[in-house]
Amino acid sequence: MIALIRYSFATVLHTQRYLAPLLLFTGLMGVLTANGSGPLPPAYASSAGALFVASTWLTTALIGIDSPVQRAIVVVGSGRAAKVLAGSIATVLISCLFLMVFGLLFPLWVGSYHVRPADLLLGVIAQLTCTLTGIAIGLPCSRLVLRRQGVALLLALALVMGFLFTHGVPPVNRLFRLMATSTDSTALLARSTGMLAVATALCLASACATHYLTSRRE
Amino acid sequence: MPRLEAVSKRYGRGEWVVRDVHAEIPAGEVVAFTGGNGSGKSTLLRMLVGISRPTSGVVSGRPRQVGYVPDRFAPDERMSAVAYLTHMGRIRGLGTRVAATRAHQLLDRLALVGGKEARLHTLSKGNAQKVALAQALLVEPELLVLDEPWSGLDASAHGTLTEIMSEVARAGGSVVFTDHRESITRVLSSRTYTVRKGTVALRPPQAQPAHRPAAEVVLTLPEHGGTPGEPDWDAIGGVRSVARSDARLVVTVDRDSVDALLLAVLRGGWSVLTVTRDERDREAGQPVEDTAAVPGGSFR
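For the record, the sequence lines run as chains A and B. Going by our numbering, the first sequence opens with residue 1, and the numbers climb by one from there. Going by our numbering, the second sequence opens with residue 1, and the numbers climb by one from there.
Worth double-checking, as some hints may not be accurate.
Residues from chain A that keep clear of chain B, each with C-beta distances beyond 12 Å, as calculated [what the hints assert, rightly or not]: (1) A10; (2) I65; (3) Q70; (4) V74; (5) V75; (6) G79; (7) F102; (8) H114; (9) L146; (10) R148; (11) R177; (12) S182; (13) T200.
Derived list of chain B stretches under chain A, where covered just means 3 residues or more per stretch with a C-beta under 8 Å from a C-beta of chain A [what the hints assert, rightly or not]: (14) 53-59; (15) 74-87; (16) 90-103.
It is worth saying that the hints were derived from the structure and are not from the lab. Every residue, glycine too, gets a C-beta built ideally from N, C-alpha and C.
So here's chain A without its partners, still in its complex pose (with noise of 0.2 Å):
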């Protein structure tokens, strides 16, 4: 596993596919939490926003990087198609890991905000509730589903928007609802673990579904 995640990263970068959800990623954060002040869930809630469309760009920008040729010969070599997916999904989240900690810090950098240990640790829950919608969201989305990728583009567009917009839609928007009405973290957590469960579900639900559709298709 960690010989595919050490490939995988290898490939983003010489390709260079991370930075334009990188930019994105930088650019929401600058404008949604500078200069931000009061309580934090709010702006933890920006944060996680912006998490989670980079990590749906970036999920599927680097689950459909290699060609279906190299892809066979890293299925060939790691004996299974399910273990090079789970790798892919593993770097995926590893990268966003870096960005969470960059979207836990930035907004106490650059705002003047009063920190509470359940402030971070309510950041992190969020920042991982979105990092793993986005991912659940990225997979079919990714070459490996839909090779035309307009047409995967307008659908990811629109679960993204779906997510983030739909009134009470759990896991995104309800969890925003929640940051955005609320200055007691601590009153969140249990609510937002819960959220945290079921965005794992659907990103386990999600990867099952793409090794399913991707296996028949071959």
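Got chain A sorted already, so can you dock chain B onto it with the hints?
For chain B alone, kept in the frame of chain A given last:
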């Protein structure tokens, strides 16, 4: 032993690509699938290595270490050939140092032109094919599957590839390859399956013309340089086997086809080193000249 049992394949509700295929790949043998373009050879190989699932039927006995050389390897990778092979070696379970050493050894043996540090996307088709071959050999394969492996390779790499296939088979591995030229499959494989319109038939073993005298012709690359193409062995007729060693071809041919062979290979740019009667004929005491050497007998 890898085996295809009643294997059929179609994509979606499309036409059957292959149907009710039975084939087996015994250990220590070189097996060929021959057939025209679009006959279903590549689909069979993809199912054999496990990257494509049969619509019905079973592929059984696939060993753990499989080497797969695809038909078209056009990498869009910006990493170097050595770095790429080191990654592939690690994915196959090798340590970094062992994978890098093995990568260097294989690229040296296959004589990669352009340098081991050349980025993959800058390599020519033939050199990219050498990298594709090297990745399949990083760990000694128990099953080596090659899809049109001679495509794009130069004459010297042809010999190396044939040596590698023989080595894998001698070590007890199974080797499967496809080629649309029957001349190639006939001389290199121990059993040949003919693929036609999705159906596969085992070609009966050729009757060995032991009663007919044979001769051995050794060909070499011309001194003035250049890379002659592969002669059309089928058109010449009477060719029993072709073995490659470094830059030489050793052709065993029916005695009465020697003249036709010499004419064809000299026209093709090869240089004839020796023409010798077959050892079995000599032992039988047949009255033929001992050796006819034609050093440097190339023209063009």
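Hint by hint, here is what the structure shows:
{"no.": "1", "hint": "A10", "verdict": "violated, 6 Å"}
{"no.": "2", "hint": "I65", "verdict": "violated, 9 Å"}
{"no.": "3", "hint": "Q70", "verdict": "violated, 6 Å"}
{"no.": "4", "hint": "V74", "verdict": "violated, 6 Å"}
{"no.": "5", "hint": "V75", "verdict": "violated, 5 Å"}
{"no.": "6", "hint": "G79", "verdict": "violated, 7 Å"}
{"no.": "7", "hint": "F102", "verdict": "holds, 26 Å"}
{"no.": "8", "hint": "H114", "verdict": "holds, 47 Å"}
{"no.": "9", "hint": "L146", "verdict": "holds, 15 Å"}
{"no.": "10", "hint": "R148", "verdict": "holds, 16 Å"}
{"no.": "11", "hint": "R177", "verdict": "holds, 42 Å"}
{"no.": "12", "hint": "S182", "verdict": "holds, 47 Å"}
{"no.": "13", "hint": "T200", "verdict": "holds, 27 Å"}
{"no.": "14", "hint": "53-59", "verdict": "violated (count 1)"}
{"no.": "15", "hint": "74-87", "verdict": "holds (count 8)"}
{"no.": "16", "hint": "90-103", "verdict": "holds (count 4)"}
In terms of the numbered hints stated before, the structure departs from hints 1, 2, 3, 4, 5, 6, 14, listed from lowest to highest.
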